[in-house]
Structures are given as C-alpha cells and as structure tokens.
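**Student:** Each chain, letter by letter, is given below.
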Amino acid sequence: MRIACPFCGERELGEFSYLGDAAPRRPHYAVDDGSDPVKLAEAFHDYVYLRDNVAGTMREYWYHGGGCRSWLIAERDTRTHEFKSVQVAPGAGASVTSPAGE
Amino acid sequence: MKYSIFSLARAALTGHRGWTRAWRDPAPKSRYDVIIIGGGGHGLATAYFLAREYGIRNVAVLEKGWIGSGNAGRNTTIIRSNYMLPGNVGFYELSMKLWERMEQDLNYNTMVSQRGIINLYHSDAQRDAFARRGNSMRINGIDAELLDAAQIRKELPFLNYANPRFPIMGGLAQRRGGTARHDAVVWGYARAANDLGVDIIQNCEVTGFQRTDGRITGVETTRGPIGAGKVGMAVAGNTSRVAAMAGLRLPVESHVLQAFVTEAIKPLLPGVVTFGAGHFYISQSDKGGLVFGGDLDGYNSYAQRGNMPAMEDVCEGGMAIMPMIGRVRLLRQWGGIMDMSMDGTPIIDKTPVDGLYLNAGWCYGGFKATPASGLTYAHLIARDEPHHEASRFRLDRFLRGATIDEKGQGAQPNLH
Amino acid sequence: MVEFSWNTQSPLQKALVPGLHGVGGTPGVELAEIRDIVLVQVMARRGKAAETAKIAKKLFGVEPPFAPGAVFGKEVTLIWSGPDQFLAFAPQGDERLMQQIADGFSGTASLSDQSDGRCVLRISGVSAVQAMAKFLSIDFDDRAFPAGAAAATSLDHRAANLWRTADDPNGVPVYHIAIFTSFADSLYGVIADSSLEYGLKVA
Amino acid sequence: MSGYIESQPLGRTAATEDAAANTPAAGATQSHRLRAGGLIDRQKPLGFTFDGKAMTGYAGDTLASALVANGVKLVARSFKYHRPRGIMTAGPEEPSALVEMRGGARREPNTRATTQELYDGLCANSQNRWPSLRRDFMAVNSLLSPIFVAGFYYKTFMWPAKFWEAIYEPMIRRAAGLGKSAGEADPDHYDKVWAHCDVLVAGAGPTGLSAALAAGRAGARVILVEEDTQLGGRLLSDGGEIDGMQAAEWVQRTEAELNALPNVRIMKRTCLFGVYDGGVHGALERVADHVPVPGPHQVRQRLWRIVARRSVVGAGSIERPVVFPGNDRPGVMMASAVRTYINRFAALPGRNVALFTNNDDGWRTVEAIHRAGGQLAAVVDPRGQAPVEYQSLVKASGLRVLSGFVSDVRGGIDGVRSVTVTGKDGRRQELAADCLAVSGGWNPNVGLSCFHRGRPEWREDIAAFVPGDCPPGMRMAGAAEGTFALGECLRAGHAAGLAAASDCGFTEDGGSAAEAGDEAYAISPLWQVPAKGKAFVDFQHDVTASDVTLAQREGYESVEHLKRYTTLGMATDQGKTSNINGLAIMAAVSGRSIPQTGTTIYRSPYSPVAIGAFAGHNRDENFHAWRLAPSHQWAAARGAVFVDAGLWKRAQWFPQPGESDWLQSVSREVNAVRNGVGFCDVSTLGKVDVRGGDAGVFLDRVYINAFSSLAVGRARYGLMLREDGIVMDDGTTSRLAEDHYFMTTTTAKAGPVMQHLEFCRQVLWPELDVQLSSATDQWAQFSIAGPNTRALLQALCDPDEDLSNEGFPFMGVREVKLRGGMKARLFRISFSGEMAFEISVPARFGNAMAENLMIAGKPFGVTPYGTEALGVMRIEKGHVAGPELNGISTADDLGLGKMMSKKKDFIGRIMAGREALTAPDRQVVVGIKPVDRNRRLRSGARIVPKGERPGPETDQGYTTSICFSPTLNHWLGLAFVQRGRERFGEIVRIHDPLRGEEYDAEICNPVFYDPEGVRQRG
Ligand SMILES: Cc1cc2nc3c(=O)[nH]c(=O)nc-3n(C[C@H](O)[C@H](O)[C@H](O)COP(=O)(O)OP(=O)(O)OC[C@H]3O[C@@H](n4cnc5c(N)ncnc54)[C@H](O)[C@@H]3O)c2cc1C
Ligand SMILES: NC(=O)c1ccc[n+]([C@@H]2O[C@H](COP(=O)([O-])OP(=O)(O)OC[C@H]3O[C@@H](n4cnc5c(N)ncnc54)[C@H](O)[C@@H]3O)[C@@H](O)[C@H]2O)c1
Ligand SMILES: Cc1cc2nc3c(=O)[nH]c(=O)nc-3n(C[C@H](O)[C@H](O)[C@H](O)COP(=O)(O)O)c2cc1C
Ligand SMILES: [Zn+2]
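Taken in order, these protein sequences are the chains called B, F, E and L. Residues in the first sequence are numbered consecutively from 1060, following my numbering. Residues in the second sequence are numbered consecutively from 3, following my numbering. Residues in the third sequence are numbered consecutively from 3, following my numbering. Residues in the fourth sequence are numbered consecutively from 291, following my numbering.
Please note that a few of the clues may not be correct.
Claimed, not checked - Using 27 Å as the maximum straight-line C-alpha spacing, the simulated BS3-like pairs for lysine-lysine come out as follows:
(1) L:K452 / F:K4
(2) L:K452 / F:K99
(3) F:K268 / L:K343
(4) F:K289 / L:K558
(5) L:K1194 / B:K1098
(6) L:K1039 / F:K409
(7) F:K289 / L:K1194
(8) F:K156 / L:K470
(9) B:K1098 / L:K1193
(10) L:K470 / B:K1098
(11) F:K268 / L:K452
(12) B:K1098 / L:K824
(13) L:K470 / F:K289
(14) L:K452 / F:K156
(15) B:K1098 / F:K4
What the hints assert, rightly or not - Simulated restraints on C-beta separations:
(16) L:D751 / F:D35: 30 to 38 Å
(17) B:D1080 / L:A451: 42 to 50 Å
(18) F:E147 / L:Y1289: 41 to 49 Å
Bear in mind the hints are in silico, worked out from the structure with no lab data behind them. The beta-carbon is built from N, C-alpha and C at its ideal position, and this holds for glycine as well.
Make the full structure from the sequences, and use the hints.
**Tutor:** As structure tokens, this is what we get:
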C-alpha cells in the first residue's frame, strides 16, 4: 500500500501508522459549564468506542511518523484499499487555525 | 448416516455410491422460531446447541455464501484456553472442554489435536507476565507450565538460541492446547445440526430486518423475506454492516488479518509455537504445510486480503526465531476480516433492539471459542439471560468501564 | 584538583572501520561519517512561517525550503524536515553559530538542538543507489530525486532524513543521510552490509 | 508453417545421439538427446546425479530436460497413493516432478525439476518414498485407495478419542508431506530491494516483448521481468516466423533493442509473484539457484518490491490435461511440453509417441516429432480429423488419425507401454507407445489478474476462463488474456505497452507491432473421458474424478467446499493444471454450467517463494534495529552485562571480580548508592522538547495535573491518561523557559507518547502555539544518587555553582558550568529515594561524562549501577513502573488519584470516572513482604485471603514488581490487591502453582524505604 502524503509525496505504508475513523469528534466542554455528567459520559463513550465501521469510503487518521511527522486525514475505500484523497490535519505546519479544526 | 470405519468399508464395496448429503439443501420456510445469521463456526454451533441443549429445533442458519466461507474457513486453527482475566478464563476453558469431546458429540472427525502450545518469553518482564497468566489459569483449574530455557531447548531444539536480540529464556506451555481441522468443524456442526432438524440455507444473504413496533419479526434476504421469533447475528467481520441494518452502532472495527501456508513437508513441528515479541506464530497442518501468521495489517478493511509489509514482518519474525524455515516456500497467503472489538474481548449479549441478539468481537481468537460461543449464545437466545460463563461479555461494559483488555491496549482495535 | 577532559565520541566509533570491505576491485560505494556537526531543528511558531523564512534568509543567505528539498547556503544547509520546519545543518559548526541561530529565531521559531541527536553519513559511488535501494523505499531516479532533493523517510523502519548534494567531480551522485544517534550503530551495519557486494570504501 | 532453427529433414528415424556419436565425457548417458538443435550449449557438458545415479546434460538444460535426455521416466511418487510419476510439463506448473535439491543445511524439498537449471555437480533426490523410488512400500496406499477416498478421515479415526494424538495423527502426518526440509538454519543470505518504474511488464513471450518494446520506445521507464532464464516464452518451444525472420532471431534482436534503451531494464530469472495495493508488485529474483552455492557477498535470492504505475502482464497460458484412466502414468506428458523438450532442449520424451488432442494447437506436436525424427504411433482427436493446415502433412507421412478418446494407459514405473483408444463407436484398440502427448486446450494464466479478488470470466469459444476485473493499473495481454494467435499476441502486447505508457504520460513514437501469421485455434472441450478406472484431476494430491463426484454427492458442491474436502488445487502447483478440469467435472455432475460453478479464489504468490526471501536482511540480530545509550562503549569496556529493553541495550549491572551471581552485583550496587554515591545512564528515557507560547496550556491538557503553573527552573512529576481513562505514561517534566518545557517519558512509551502528543497538537488543538521535537538522542543523561551526590557534583561542577538546598532545591532545574569548560543541565529529581540529581550533556560527551563521574566520585567510592539496581531502589521506594503501568490500571489504582486536577479538562478525565473504574473493590497497588523474611517472593503469583481455597472467587490480586532488598535484607515488592490500601498489615496467602510455591505474606505500604522522603530532600 502507498499513501500520498500531501507534503512528502507517495510513500510506502511502513512509514505510516494508523489510528482509525476520523468521524468521531472529541466532545468539547469546560469543567464548570454545568453540562450533564451522564450526557457527557455518553458523548465520550460514543467518541472513544462506537464506530460506523463502514464498508466503503472512510475518513481516517494516518500518522506519517516515519516521515514528516504530520497527521493526515485520508479517504479510503475499505473494500478495495483505494485512497480517494489525503489531506493534512489542520494543526500540521504553522498556519493558525480555529479551535476544533477537526 | 453414521460415520465409522465400518460404514466406510461397507461404502467402499459399492464404490461409495451410498453416501448421502452431509446436510440437506432446503428451501427457506416462511418462518422459524430462531434465525441465526451467519453460517460460520459460531452460527452453526449456536444452531446445534439450540437444538440439542435447549430443544429449539425450528431453526435456520442463513449463510450468504457457502458455510465456512468467512473466518471459520480462513483461520490458523489454534485452540487454547491460556487466558488471564476474569470473564475470559472460564469461558475459554469451557470451550476447551467442549473441544475435547467434539468428535464424539458430532460423529465427525474434526481432528482436534492437543499437541500443545508454547508461548516463548525473552525477558524477565515477559516471564513475569506469563507467570501471572499461568497462575491465573492454574487457580482456575486449567493446565499451564512455566518452562525454562533448558526445557524449551529440549522440546524445540530447532529454535534459534543464538539470537542475541531475543534470547529464548523459556516459555508458557499449555499441553491441552493445539489445533483442529477448521473446515471440518464447520461441516461437523452443520451435519449434526442438520440431523437435529436445523435448516442450513446457503447463498442466502440477509439484507434487512422486519420489525413490528420495534421488535424484530424476521429478516429480508436475497431469497425473500423469512419470519422469525428471534434473530441472532453471528457474522463476525460483517457485524457492523448487519447491525447497521437494525440501526445499531457497535464498539467493533473490521480489520484484515493475514495467514500463510508453506508447501507440504514431512513433520517438522511438534505443536504450536508463538513468538509474541516477534509477531510470529506457527504450527504444522496434518497435510504437512507450515501454517503461520502474526499481527493484523493494522487498518480497517473488508477486502479479505492484505499487503506485503505484514507478510515481511511475519517472515522476519519467523527467520529470527526459526531460521530453519528459510528455504521452505511460502505457498499461499490470504486474509480474513476480523471483527475487532474495542477491548479485544467478544460480545455475547442482547441488543437494544427487542428480539435481536449479538455475537461478535471475536478478533483473531474466535475459532477456539466456537463450541463455547455456540453453547452460551444458544443459552442467551433460548433463556434470554446470559450463560454464567459468558456473563461478562456484555455490550454495556464499555459505558460502565468494565472492559476486559488482556493486552492493555485500550480502545485501539488494531493493537489488540 | 583533578582536571576533567571532555573528549567527544562518535556513535560509530566501534562500527565504522575505515578501509576497503566486501568484494575487491574499485569500490562501488563510498561511506563517510561527518562528525562534530551543528544540526538544529527549526520549527516556525504558529502563524510565523513567513517570518521564519525571512530570518533564515538573513541568517544563512538562502530561503528555507517550503517543500521537501535541500537549500545550500555558504556555511549552512537547510533541509526540509516537515511542514514549516527544517533542519539547519553545518558540517563544522560551533558555539557561535548555535548562538546566532538561537538569537535570530527567538520568538519566531522554536528550536531543538539535534547536533548530537543525529548522525550524518555521506554516501556516494557508482553503486550507491543500488545499495540504498535495499534500505530506502524512495525513487532515486534523477528525474525523481535530483541534486537538491530531500526526503524525510524511513531507513529499516527508523526515521531518517536524506538529501542529495551536487555530484562529485566525476559526475557521481552524492547523498547525505541523517539517522538518530542511538540507532547509528545498528543502521550503519545495514548500510554497510548492503554495500559489500559492490565493494565498500569507508573513509 | 513453423520455421524452427536447425530443423532436420522429416522422416529420419530416432535421430538421437547414440553412444557412438557421443564424446566419452558428455552425453554418454543421454540416450534421448537429439543430435542437433535446441538452445543448449553442447560445448558445456554438465555432470549431475539423481538418486545417486550419475548422468550428464548440457548448459541450458533444466533438471527435467536433462532427465528426459537421459531417458529417465520415473521421477517421483504422488502425495497420497504414492503412485509412480514422471515429468508432465516443462514449466512452473509442474505437479508431479518434484525433487529434493542439494543437501545438508541447504536441502530444499519440493523443487520442480522443470524449473531447476542444471549446473555442474547438481545433486537431486526423489522424495516421499521409502526405501526407494522404484520400490516404495507406501505404495500399499494404492491398494487401500477404495477406502482412502476424499474426506475418508473425517468419517473415522474417532475412537477412542485419545488415540488421535497418540496413533492416528502421527501416522497420517508421517504419510503426508512431500520432501524433507533441512531442519537447520538456512546458511544463505537474502536481500529485499525497492525498484520504481512507470510500466512493469511481466513475461517476455511475444506479448511481453512487444509490450516492453512499445512502452520503452514511447519513453516510459520500463522493467521487464521474466521468470525463465531466457526471453521468448513459447517462441523458444514452438518457433514461428516474425517480421520475416525466425522467431529465435526476432527474440535476439528485440532483446538487443531493449538493452539499448536506457529507460528499460530486463530482469531474467525473476518471477512476479504478487500484486499489492498502490502499485506495489512483489517479484523474486533467483540470483544463485543455478550454482552450487552463492559466491562471496552474493545473495541466494532477492525479493523485489517494484512500485509501478502501470503493468502489462503477458504471463501466457498453461496447457490443460484431460481426465482419463491412467493419465498420471510416467510418460504421459503435456503436448506443449513434448515440443519444448524436443525443440528447446533437443531431448526426445519418447521414441514412439501417441498424441491425444481436442484442439488444433496440439497438432503442432506432430510436426515437432516428425522433425526430430521421432515416431508417431497415432493422433487421437475426438473431432475425428486433422485441422486443415495439417492434412497435407498427414497424407505425406501416412500418419494414423483416430477419432475417439484415450480411455486407458498401460505401463508402470518404467513408463508408458501402450495406450488404449476407444472410438466414437465404442470400439477399443491398443496402440504400442512409450509416450503419450496430451492437449486438452489452453488455460490463460489469469492468476495475477485475480489477486485483488477479481473473478475470471468464461469464454465459450476457447473453452477457458479469461481475466475479469484486474487490479488497478494492470493490463493482461496475449495468451494470458485468451489471445492465442502469434500475430494477435504481438499486436495485443504492443497496444497494451503503448496504452500503459501513455497512461503515464509517455507518448513518443512506439513504432509498430511486429508481424506474424495468425494460426487458427479450434477446440471441442473435453474434460473427462467416459471410461472406468482411476482418472486423475489433481496429480500431486491424487484427486480423482470419482472424488469430485463423491464430494458433490455429499453436498460439498461449492467449488470452495470441493477444494477443501478433496484438497483439489491445494498442492504446490495450486491447481495450475487441475482446477479447471475439477470444476468442469463438478459442473457436469451438479448440473450447473461452468461459469455458474466458478473458480476458487486465486491468491499470491503466483509461484511459491522461500520464506527467507521475505525476511531478507532482517533476520537473527538484524531482526530489529537496536539502540545504544551514549555511554554504551564505556559501559561495555567496564564489562557491564547488557539487557535488551525494547530496542535499547541497557547496562543491567556491572559485575566485579569475585562476584558469583547477579544478585550479589546488584545488591552491592544498591548498597553503594544508599550509603555512598552511584550513577546510572538514564538516557533511554524519552525526551521531548515542548515549545511555544501555549506549551503550558498544552501540557495541562495532556497531563492529569497542572503544568502551566510550574515555575521556570522547576520540575514536576506528571501522569498522562489515555482517552479511555487508563494510565498511559508518566515522567518528570521541567520548565526551562517561559516557552520551553522539557518532558521525559518512560523508555518503553517514548514513541507512542510522541505520536499521541502530535495528535493532540495537530488534530485536537490546532489553535495552540506548540512545537514538538524528540530530543531523546540528543542528551546523555545520568542519574547520580546517594548521600555523597552533592560532594561528587561539587567536585565536577565549577566552584561557584551553589548546590545547597537553598541554591538548588528539590525539584529544581538549571544549567550549570562544569570543570574543564563544559555546560550541563542539572535536575534535582530522585527515582531512588536518595539525595539525587540527574545531569545531562550532549550525547557526544556520554562516555566522557561517565569517565568524569568516576574521577569526580573516586574519593567517595562512586559506583556505576545498572537497570537492576535502579529497579530495586524504585521498588523499595514504592515507585510504579512498567509492570504497574500495565494498560488496565487507573491513576487511583496506582495511588496517584489525588493528582487528578478537578479544575480542568484533560485527556481521559471523563472516561476515568466510569463506575467500574472507580469501584471501591478494584485491585490497587500495595507493598507486599513475606511473613517468613527468608522466603523468596516471585512476580506473577496470585493473592488469596488466608484460609480460603484458591479459585476464581477468592483470587484477589497478584504480585508485580519483586526484588530482594539489600537495604531491608529481605524479599519485597509491589502487588495489585483488591481494596489493598484498606488492608495494610493483613496476612494473605500467596499461591504460585506454576512454581509449586505457597506461603503467607503481609500487605503493606508500598513505600518501604524512607516513607517521609527525608533523604531525597536532605
Ligand atoms: C487469518 C486468520 C487466522 C485466525 N487464527 C485463529 C486462530 O488460530 N485461533 C482462533 O481461535 N481464531 C483464529 N481466527 C479467528 C477466527 O477465525 C474467528 O474469530 C471466527 O472464525 C469467527 O467466528 P465465525 O466462524 O462464526 O466467523 P465466520 O466464519 O466469518 O462466520 C460469519 C459468517 O457470516 C456470513 N455472513 C456475513 N454477513 C452475512 C449476511 N448479511 N447474511 C448471511 N450471512 C452473512 C459470512 O459469510 C460468514 O460465513 C483467525 C482468523 C483469521 C482471519
Ligand atoms: N495457437 C494456440 O493455440 C496457442 C495457445 C496458447 C499459446 N500460443 C502461443 O503462445 C504464445 C503466447 O505468447 P505470450 O507472450 O502471450 O505467452 P508466452 O507463453 O509465450 O510467454 C509467457 C512468458 O511469461 C513468463 N511468465 C509467466 N508468468 C510469469 C510471472 N509471474 N513472472 C514472470 N514471468 C512470467 C513465462 O516464463 C513466459 O516466458 C504465442 O506464441 C502463441 O502463439 C498459441
Ligand atoms: C490450517 C490451514 C491449512 C492450509 N493448507 C493449505 C494447503 O496445504 N494448500 C493450499 O493451497 N492452501 C492451504 N490453506 C489455505 C487455503 O487454501 C485458503 O487460502 C484459506 O483457507 C483462505 O481461503 P481463501 O484463500 O479462499 O480466502 C490452508 C489454510 C489453513 C487455515
Ligand atoms: Zn509526510
């Protein structure tokens, strides 16, 4: 498998490590924003454990640790392993991004 | 038709024209008390135990392809009960006990071969971890031995004792572990279930669920709708897709695991040897092929095939620990779709949907679980309460924090 | 009062054996370690990539690479090492240079001194590319990797920085590889072993 | 008609080299070698042995062709029935002629004689027979064959249960398997290499050659891989005329032109075995399999990982056997193989050959045999007559053409004696013959096209499967794609080559395709001859037509069930000659069409690959790279014992003369530290530069405790969780400047933590101004511990460095000047519980620092210590480490719950609050010591309440980190125990059945040593 890192170009699978589904978002909350603890726990449970596990195109996190150390967000078909697109995480590089960029 | 050397000899006289189908090929009925989705080891075992133990015989097993076309027909056939954590220990030992009487139960030779399994260790830390595991097994009445370097050398003289990177310091042995003929397990359960009246329906893919006010009342299939009192999923790698038809999101990811077999050679390996530190495990099939594997490829996949880095990683492990296999040729390589749960431990439970049951999350360890999974899942479906040996395989354990994580990797399926 | 001497040592002190190795004849691969270097990782602060580039230009006389590549200043080579990051490499550097870099970038870019964190090898020779094809997965074709090209990649599963400098007088390509110091002893073995069949000359 | 090089006039009888014609040296044994012709080098005779019998052949021979030339018929025994078998094919598809090559550690089972190049001194043996190939006792299996039908073992061997492992299975295993592997470490070396190109062409027959030529001319970077030793493919066997010249000449010219193109690379002896994702192709180069042993610094084989944007696969086609009784006898050979042996190798498989074909191509054999001066007993063709273009030849030579089938073959270990032919009218006649050439038609070699799970499609007109959906970027062409006529192959290859090149943007003039005639190909499919007797489908695995029928009868109807029940197609040839016949028969008996029945899944490798090649250089100590600490060489010189900790080699202890065991050394080191001073290289800890304006906020979110509040010049112990609330890692992190933190991680978790931090920085909180860089290898870091630490440091540091409690408080950090003009970072932190500092200098000074610490500490008897002593002291001090940070424990389990900030969000905070993770009865870390102080504790023992029977219900925990404490002079350690912190002082029972031990122990405070922490502050 080869992954086209937007920075480095196409590279061998061995240079990357995989994290998984990029759909789940880490719930945002502030400690004393009075959010319901049960709901919060459920939101985190969803974020940490539940997956769509799609058979088809999936947005997922890859880390180019064996290269430029950028986190990437790829679209890949889990049935064919074909990559549709590869983007960089908002915080790779130095450009200023708003919170919750992902 | 009972199988035995005598019936075989008798059949020989008539050129084996006397044999009949091992299982019928029925058309689906309009309704069953229980429908099991998935004609793998688990699905068929569940149907068998429903009929044998719980007297529920109006059962159909629906298989989208041919029975055993999933992981049951793809696995490296290792059976063992060397688990450590509460919840796992008892369950896998129950399974081992069922393996030990399988041929007689099924009247089918599934070649359960208890030639033993040895996990090698290479550091004090690893030894301590194995000691912890082994003592947990022993306290639960399961056989385990901690072997030192000298004992390993005696049993496995062909290993690489010169490897400075992974000095072989010893191993954890379970003598009752071993292998079984995976396809035969599928066929044996199919035949036995069939004899008890279960309909095994191949080339019948479930494409949706029928519900009336929330409760499952049947399934849509490529061979038309079929009514059911209860429906149990046993679809392994396809769990999330089938569950999604009922609107469920699960703590499961599908990953590809590869395995390999070499050309057949004369007997070389006594039992199963695992080299965890090097992502390599190996055994020899009765046909003579070395059957080996290692870690997952590491990314979500439904492709049933893997890539070279994983092949290389496994073979490197093999050459590090067992350099005598260097000239043996790798004959075939394949991949199966693992239903990896988020804590590496299976789920046998009711779902939030009334009448729909879940059996999934077997990761790369579900073949050894086949008999116990069938029995405990049948119990759950028949009695609507978990079998005591599977009482911790609950769906809500992730919300409660009661995960069972043998590897301590957390919610990272590709690392389990 | 006892005196203390502070001799430096190379991570290859043991592994690197000068002379000819492997098959006889004219060596196809030449290897040399570049010692006592200055190597600084320069990482632009948020929103300060452009500023960082300006300062680099002021300090080194050249713009840093914005994409994989190596730019050669008088004293210092700038090698792309990641988005809005680069390595400032000087074959023979000293305190003064370090201080210059530190002062120059302060507040604009974050620095991480890697002068001892990496071991830099020079590899050249008519068969260098064949040897490197055994431990580097990137394409060394002139069209794909000309002089001035650079890559952050992996060598035997370990991160490495690689760049190609000007060909030597006989038109033979010259490459530099920076590997992590603690891996040097091990990875040097891989590089050397890969070269033996072409004949290896170690400086 | 074909114009083959050095063809001889027709009609001459048995034009083989008779003894007279032989030079005594060479050929003496080559009774079946043709006088002239072939692509062998008669100037280079080679000696070899088979089963110890000395024979000769020529350079250019394969082992198989040399055996044919020597008149050898019997070469092997079959897998199950041990039937005598000969040579069936002339290529990699060979199911029967497998031999054991070489000997000793290089012994190599199951090598196909048809692909093994002959070399001088080659030594091969037959396999799977006892005591000898001619007299093989296991042949009794043949008598039992009525019982040994498909799947018989599933029906028996079940009683009594325990007999399986003891008796039945060992028996089966001994019988199974083919050759014997060496059973010794492989002495040869292997390489793994990367290559890149635009267009990869696999196969150098007419199709592949024209594809490579077209793509090369168009300007693309081309790699042409050919499994064989020579380019040409079937042209080497069947000749033909191309562009008005003889095929062989065209091949030579084409090869020359390809070599002249700088952008084309030809790789012979290289087999494309797999196609993976992203255009990665796996190919195996046999570098030194044609010599006795590899030369100096030469590898045996090379595994190529070829990254190609496009590929053209001209892998050709494989001739199909026909299923009829006796079709496995030695001397029954594929027609195309007969031609190959005659034309390419100048070896005559038989002096009186019968030909059985159902298609036009088989008729080429007539010509070949004639030209070689061999005799043709008859041609048997169910279609009843010769194809048009052969009819004149039939007349001219008075050749017998019989309409019907071959229904039996008589013969034995010495080969075919006669062939029974049953006419359409049912009349049978017997023909004397010593060889039967068979052609059932051609199967395109579709394997490579299916490795991404594409399914081949059925083509009625050629009665064969052709490629379906190919892997991305792949084009199949020529015979591999069902195009059989030579002219068409040339055009197809050319077109595919051009298309592939232009896909990659190369559009220079690719010239035009070479020209040749388009021979007709007509076939009337014939799968199984209707006749009684053992008719083989899978020759290696002894799967017969009746086995297929039986499988169907028992419901194993799916081809995949058929395969798994009968083992059809599971042999070393992966069914290259048997699968299609098998499924065609299954289709017939189950009343389905062939396409409905379908094929089994094709899997890589296309042809088996030695495991060693997949490992390449990464074996033995090169399995994984290793890491050395900055003072490694110094430690080695002092005779340190090293241990592999992850990838690191760490000094475990430093034995002294007179010390008999490790415990003695370790205890000495601990005592030295506790009573004087010692030092230890701790550079392996992960180190991360965390910089930027928001570094503090960033750390607040990754650690459970606060770091933004940490003052510059101070250090703090920090704990991180995973998002699921479980402890991930710990370490001390110091603040060197407003915008610069220096984090340390555990040695084991350095990598994962770095990845995690980058994820937080780049994905979770991109708005923060933080930059990360690993500084692990930059610094040589030493822990200096013991009452005399300060004194030692005073001697090392510049006199005006104030190291007093006031000048350098506990958890203080700053840069200091050392004597001899050196700067260092000094951290006042303690893992050992003693007064201690950690000092770090750039890694290049690692050895120097160790030496200088020895010098500076000499007056105080300074002692270097290793990881064991380090471990002992941290256990005495109750510090948790690897064994406790086990991936399932919470902060509170480790007694660090109080560190969890209530004021902020941090990774893992919410999930850590789940009921089961906060339950009161969790197993938590405590101290444990044996009641009998002389007793040795061990790690991994279970803990049960005193008086209870051990069992799942009473199992309350286990011991983790255990050591002998020289300080307290008894064994002690840490353990996880249910409600442990409430049970200090309780006596529990330790069960260690693995080691046959059982004893009492006391639960206690994990901090055994200086609980008030006076010493480290002292
Ligand atoms: C390479 C490999 C090696 C392994 N090695 C081992 C090992 O050594 N030891 C061990 O214990 N375990 C091992 N495993 C794991 C083990 O094989 C699986 O955990 C186990 O087989 C899963 O249970 P199953 O047999 O019921 O699954 P499967 O056999 O996959 O059964 C699921 C069935 O459901 C069917 N199905 C799916 N969707 C539908 C639908 N919509 N409608 C109808 N039918 C459907 C599928 O076709 C399939 O037949 C290995 C797995 C692999 C891939
Ligand atoms: N008239 C007929 O009935 C008929 C039928 C079949 C073939 N043919 C003849 O056969 C020839 C077909 O030409 P072609 O070039 O398509 O096929 P070919 O058989 O001539 O050449 C295929 C080549 O590919 C090589 N090869 C196969 N698999 C490989 C792999 N995985 N890696 C590397 N090399 C591999 C083989 O060694 C062989 O050299 C033509 O001459 C055609 O006339 C004729
Ligand atoms: C224990 C075991 C032994 C096997 N032995 C062989 C073998 O001898 N020959 C063979 O071709 N395949 C063998 N296989 C692999 C199967 O042919 C097949 O590839 C595997 O079951 C996966 O199925 P699939 O390739 O159809 O997806 C074996 C598989 C297993 C699990
Ligand atoms: Zn990158």
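**Student:** Determine for every hint whether it applies to the structure shown.
**Tutor:** Results of checking the hints against the structure:
1. L:K452 / F:K4: Roughly 20 Å separates the two Cα atoms, so the pair holds.
2. L:K452 / F:K99: The given pair, whose Cα atoms are some 14 Å apart, holds under the 27 Å limit.
3. F:K268 / L:K343: Holds - the C-alpha atoms of L:K343 and F:K268 are around 24 Å apart, at most 27 Å.
4. F:K289 / L:K558: violated (34 Å)
5. L:K1194 / B:K1098: holds (18 Å)
6. L:K1039 / F:K409: Satisfied, since the Cα-Cα distance of roughly 15 Å is no more than 27 Å.
7. F:K289 / L:K1194: violated (61 Å)
8. F:K156 / L:K470: Status holds; Cα separation ~21 Å.
9. B:K1098 / L:K1193: holds (19 Å)
10. L:K470 / B:K1098: violated (64 Å)
11. F:K268 / L:K452: Holds. F:K268 to L:K452 sits at ~23 Å (cutoff 27 Å).
12. B:K1098 / L:K824: Cα-Cα ~72 Å, so violated.
13. L:K470 / F:K289: Holds, because 13 Å separates the two Cα atoms, which is no more than 27 Å.
14. L:K452 / F:K156: This hinted pair holds, its Cα atoms lying about 24 Å apart.
15. B:K1098 / F:K4: violated (59 Å)
16. L:D751 / F:D35: 30 to 38 Å: Hint violated: Cβ distance 52 Å, outside 30 to 38 Å.
17. B:D1080 / L:A451: 42 to 50 Å: Roughly 46 Å apart at Cβ, these two residues keep to the hinted range, so it holds.
18. F:E147 / L:Y1289: 41 to 49 Å: violated (21 Å)
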